[in-house]
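Visitor: Residues in the sequence shown are numbered from 5 upward in steps of one, following this note's numbering.
Worth flagging that the hints you see were computed from the coordinates, not collected in a lab.
Keep in mind that this is a model prediction, so the values were computed, not measured.
Think of the CB as a built atom: it goes at the ideal place given N, C-alpha and C, for glycine as much as any other residue.
For lysine-lysine, the following DSSO-like pairs were computed, each having C-alpha atoms within a straight-line distance of at most 27 Å:
id: 1; residue 1: Lys74; residue 2: Lys22
id: 2; residue 1: Lys290; residue 2: Lys257
id: 3; residue 1: Lys39; residue 2: Lys302
id: 4; residue 1: Lys22; residue 2: Lys102
id: 5; residue 1: Lys310; residue 2: Lys74
id: 6; residue 1: Lys102; residue 2: Lys117
id: 7; residue 1: Lys310; residue 2: Lys39
id: 8; residue 1: Lys94; residue 2: Lys139
id: 9; residue 1: Lys243; residue 2: Lys228
id: 10; residue 1: Lys228; residue 2: Lys141
Ranges of calculated distance between the beta carbons of each label pair, as one might list FRET restraints:
id: 11; residue 1: Gly92; residue 2: Trp296; range: 39 to 49 Å
id: 12; residue 1: Ile307; residue 2: His73; range: 19 to 29 Å
id: 13; residue 1: Ser248; residue 2: Glu298; range: 20 to 30 Å
id: 14; residue 1: Glu103; residue 2: Lys228; range: 37 to 47 Å
id: 15; residue 1: Gly92; residue 2: Thr294; range: 38 to 48 Å
id: 16; residue 1: Trp296; residue 2: Lys228; range: 22 to 32 Å
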Amino acid sequence: MNHNKGLHHITVLAGDPKENADFYINTLGMRMVKKSVNQDDPGTYHLFYGNEAATPGSSLTFFPWPRAHKGIAGSGEAVNVAFKVPEGSKDFWISRLKEQGISTSEWFEVFGKQAIRFEDPDGLELDLVFDGSAKEKVSNYESPVPNVYVIQGFESTRLKVRRPDSTSSILEDIFEFSEQDSNASQTLYQTDARIGSSVIIESTDEDPGRGGRGIVHHVAFRAKDLNELKELREKVISKGLQPSEVIDRHWFKSVYFREPSGVLFEIATDGPGYAVDEDFEHLGEKLILTPWLEPRRKYIESILPKIEV
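Required output: the full structure, derived from the provided sequences and hints.
Guide: Right, dumping it as structure tokens:
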């Protein structure tokens, strides 16, 4: 296994950007680690939330379209995002979510770990998985959630697919995941990364889902650097798939492809990271545009809704 393997980020379609930011910052206590725009649609925000250190394996990102229709979950999609929180935080989170008016499931187990389930404002299915201990603070950022309870990063994502064997071969042969456990319809694959280490494949005969609010757009996996990204791209080609060319996303380099069941995957480099263009202590406090979009700042700012949380 490889400590640098696992999930990099997950990107989701959302509705109102202010409602989205309020939920993930003020309710879940995540840090906005980058406030930018969709590089392919600069009139739309791209909001990045992560742990305090903004590390790979912690970033849940959103394209919020206020007029977007509600999506329909189905096959060929990631249908669940699970966060890792400290083991001793169960009572805190149940109480906090109840106070915020958020309905949660009863306790249940996900491959031996206790969890609760709820939805974000757009219907994205979220789990909190209680595993591990709190980490020491590394910045001056003050979350609304005390550090002893705060979200540490991803625990897992669950892919609902019609061709589980084909999807599992991508996880194992390209991303170095290993099968760890299974039940009637789901199989757990893991690396030994501290966060973002798990993917659950759920076999289904459901029809394909429909994009919209609350639906995962893509799941990104880690590459150490540009050289490894290129190597992984060649592995994707060897599987008979058609990856994109390497794309410069400024904070990382990326390659995109659809795995055999239709889930959109991205491979993203760990660096240079979110602090390449703003001070680490002030991540997410102002709108950051990539160098090629900076000349259009005045226009872009004029059409984006204001976000205050």
